[in-house]
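These protein sequences, in sequence, are chains U and L.
Residue numbers for the first sequence follow this note's numbering, beginning at 287 and rising by one.
Residue numbers for the second sequence follow this note's numbering, beginning at 626 and rising by one.
Hints should not be assumed to be uniformly reliable.
[Stated by the list, open to error] Restricting the straight-line Cα-Cα distance to at most 20 Å, the calculated cross-link-like pairs of lysine to any residue (SDA-like) are:
1. L/K896 / L/S951
2. L/K896 / U/A556
3. L/K896 / L/R939
4. U/K398 / U/S416
5. L/K896 / U/V370
6. U/K398 / U/S447
7. L/K896 / U/K398
8. L/K896 / L/P914
9. L/K896 / L/C965
[To be verified] Coverage of chain L stretches by chain U, computed from C-beta distances (three or more under 8 Å per stretch; other residues unrestricted):
10. 661-670
11. 912-919
[To be verified] Derived, one-sided and incomplete: chain L residues facing chain U with beta-carbon distance under 8 Å:
12. M700
13. L702
14. P705
15. R774
16. E778
17. T832
18. Q836
19. L859
20. A863
21. S864
22. T883
23. F887
24. H889
25. L898
26. P903
What the hints contain is simulated information worked out from the structure, not anything from laboratory work.
By construction, the Cβ of each residue, glycine as well, lies at the ideal position given by its N, Cα and C atoms.
Residues per chain are reported as follows:
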Amino acid sequence: MTGNGSEPLLEARNVVQEFVVRGHGGVKGGVVQAVSDVSLDVRAGETLGIVGETGSGKSTLARSLLQAPRPKSGSVTLRGTELVGLRGRALLEARRSMQMVFQDPFGSLDPKWRVQDIVEEPLIAYGVGSREERRTRVREVLDRVGLDADVFARRRPRQLSGGQAQRVAIARALTLDPALIICDEAVSSLDVLIQAQVLNLFEQLRDELGLSYLFIAHDLALVKQVSDRVAVMYLGKLAEIGPAEALYREPLHPYTVALLASIPSPDPTAPKTEADKAISGDPPSPIDPPSGCRFRTRCPRAQERCAVEEPPLRELRTEHAVACHFPVERSANGR
Amino acid sequence: MSEGTTPVEVDARVEDGSANGGALLELRDLRVDFRTGGRHVRAVDRLSYAISAGRTLALIGESGSGKTVSSRAVMGLLPPTATVSGSIRFEGQELVGLSDRQMRRLRGAGIAMVFQDPSRSLNPTMRVGAQVIEAVRTHSGLDRGAARRRAVELLTLVRLPLPEQRYHEYPHQLSGGMRQRVVVAIALASNPRLLIADEATTALDVTTQAQIMELLRDLQRQFGMALIMISHDLGLAASFADEVVVMYAGRAVEQAPTHTLFAHVRMPYTKALLEAIPRVERPPHARLPVVPGRPPDLAALPPGCPFEPRCPNRQDLCRESDPPLSEGEPGHRWACWFPCGQEGAE
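Model the full assembly from the supplied sequences, consistent with the hints where possible.
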């Protein structure tokens, strides 16, 4: 899958992440296969979107890339440096150019700190610059994210609105001049008008700083708007990955088709969600995933082969790969 | 103009509702005021709407727009710091001024509410079945055995997979979607005529959201329930509501049957909400049309239109005078001096 387009900034190969769950009070214990053998690239200057339901492993994948915690197996290279296996200072240095922005800004900002201290902290942790230089940098990044340093630098998180707090979190992610920002549901808790403002900020930073993003969200339309390419995850595996336009216009995986059919349309005259395309039920437990294709228990196209043989991810169109024995080949989708 | 401390004078008061004889719930000029620590906040101002049995009304707006507070007023679930005035009629009975005890009786019997976070609505230490039974027995004189049968019936009705088995499980053993189904089952235990769903699908995945909305729609058809859906998502309203009320800074700023509203959005705020919805049709990296700023502080509202500071259509008049909600076209009300699509040239 490499060799196409610009060189990868981040390369993940066969990443596996598992957690041991102990059984309590009748709950079944076991090993949760949160991420199973996922390989993907993020290229310089591109935005890769990741979509999937709760429990699909998209957040766990992001954390595995950051080595927090380190994946059970597989390889993650950032600008050619292998991160898996690095420890302490070496790891800290190696992943400096990769920063994260989380869903709940108030949860990720220390309520007792002032905005300027929050934004300055990564610089101190990495021992960058003198106090003067650091303060200048703080003003610079606050300005970048659209916050007036004179007004906001001395505020504490509780004196901020949700949108402002998320801007502070973004400013903090920017202080070390990263190449890649991982956004995990970074706008999901914001009201729609504020969400649009923050999305535009992400796009503006992309233009101005040449940033790459790994953009994780459960909102498919939102991911489409920001992404060059999109990966669809299901129960810890990649179901489909491809250019955003192609994947949404002609999805190959029945799961992607179902996800797209579930989006409510902001046009009341549009046909309602079609019951035959939407899927029923919840995803099965990642402790005991179905044999063969993990989606087969909810798949309208499932056949015997799907229970026996796990479909590999294969490239059916240019840059557009799917893990399905019976992909949806026609462009018969309503959207 | 007045200084804008307390309510701004409204000249063109909307008189309506009389034609709506069949309304199950009717709000007239509802106001909710909070007074805490010297701050006076009017969280809901002059809200009027009516909803009939079997219909769906969507209350749309951002955080702090008053949609949840107004619904809590209907439920009688506001804290003692709140003052409610105006009229809330449910099946002809006036609710404003009822005692807590009277409200409690009515609430259980006629109106039920489903909240955003199902894990917070359920008791984590109680098995699912016991929680449904509790709700059933609170609202009926059924004995234990009959209540148990009714509980399983309700869990089946909300299409909880394997209800007999789930009955014995704890909330944490269920997925978010399944928990929300249990919450709906509990809400249905009283056979409500009105169900208020407060961001009931916001925390759920798109696939689960579609399933829960379908479920609510089916239940509504089956029992002729009225449904008030509170949401920030105009897209969801477009798909499921018969009528939409868009709220901003505590008031209704646009109100119309769904098809009318989406055919001709008049209030610039509604237009902004609609344009900010992420859409699959947009090409990657397209900039979104945004309105700057954020909703006003309800304790310090400007004398004019509360949306004026953010509005692309604003003119001097908007800063001076607060536009009333009036029926600009049949069935379509808006509160705007310079509505969209009416500037002369379309």
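- prompt: Can the restraint linking L/K896 and U/V370 be considered satisfied, given a maximum Cα separation of 20 Å?
  reply: violated, 49 Å
- prompt: Taking a Cβ-Cβ distance under 8 Å as contact, does the segment 912-919 of chain L have three or more residues in contact with chain U?
  reply: holds (count 7)
query: Should the hint that L/T883 touches chain U count as held when the rule is a Cβ pair under 8 Å?
result: holds, 5 Å
- prompt: Holds or violated: L/L898 as interface residue toward chain U, Cβ cutoff 8 Å?
  reply: Since chain U brings a Cβ to about 6 Å from L/L898, closer than 8 Å, the hint holds.
message: Checking one constraint from the list: CA of L/K896 to CA of L/R939, max 20 Å. Satisfied?
response: holds, 14 Å
task: Go through the hint on L/F887 and say holds or violated, using the shortest Cβ distance to chain U against 8 Å.
output: Holds, because the Cβ-Cβ distance from L/F887 to chain U comes to roughly 5 Å (cut-off 8 Å).
query: Can the restraint linking U/K398 and U/S416 be considered satisfied, given a maximum Cα separation of 20 Å?
result: violated, 24 Å
field: Hint check: 8 Å Cβ-Cβ cutoff, L/P705 to chain U
entry: violated, 25 Å
field: Hint status (Cβ of L/S864 to nearest Cβ of chain U, threshold 8 Å)
entry: holds, 4 Å
message: Given L/T832 as an interface hint, is its Cβ closer than 8 Å to any Cβ of chain U?
response: holds, 5 Å
query: Is it true that the CA of L/K896 sits at most 20 Å from the CA of U/A556?
result: holds, 18 Å
U/K398 paired with U/S447 [C-alpha distance capped at 20 Å]: holds, 16 Å
Of the numbered hints given earlier, the model fails hints 4, 5, 7, 10, 12, 13, 14, 15, 16, 24; all others are met.
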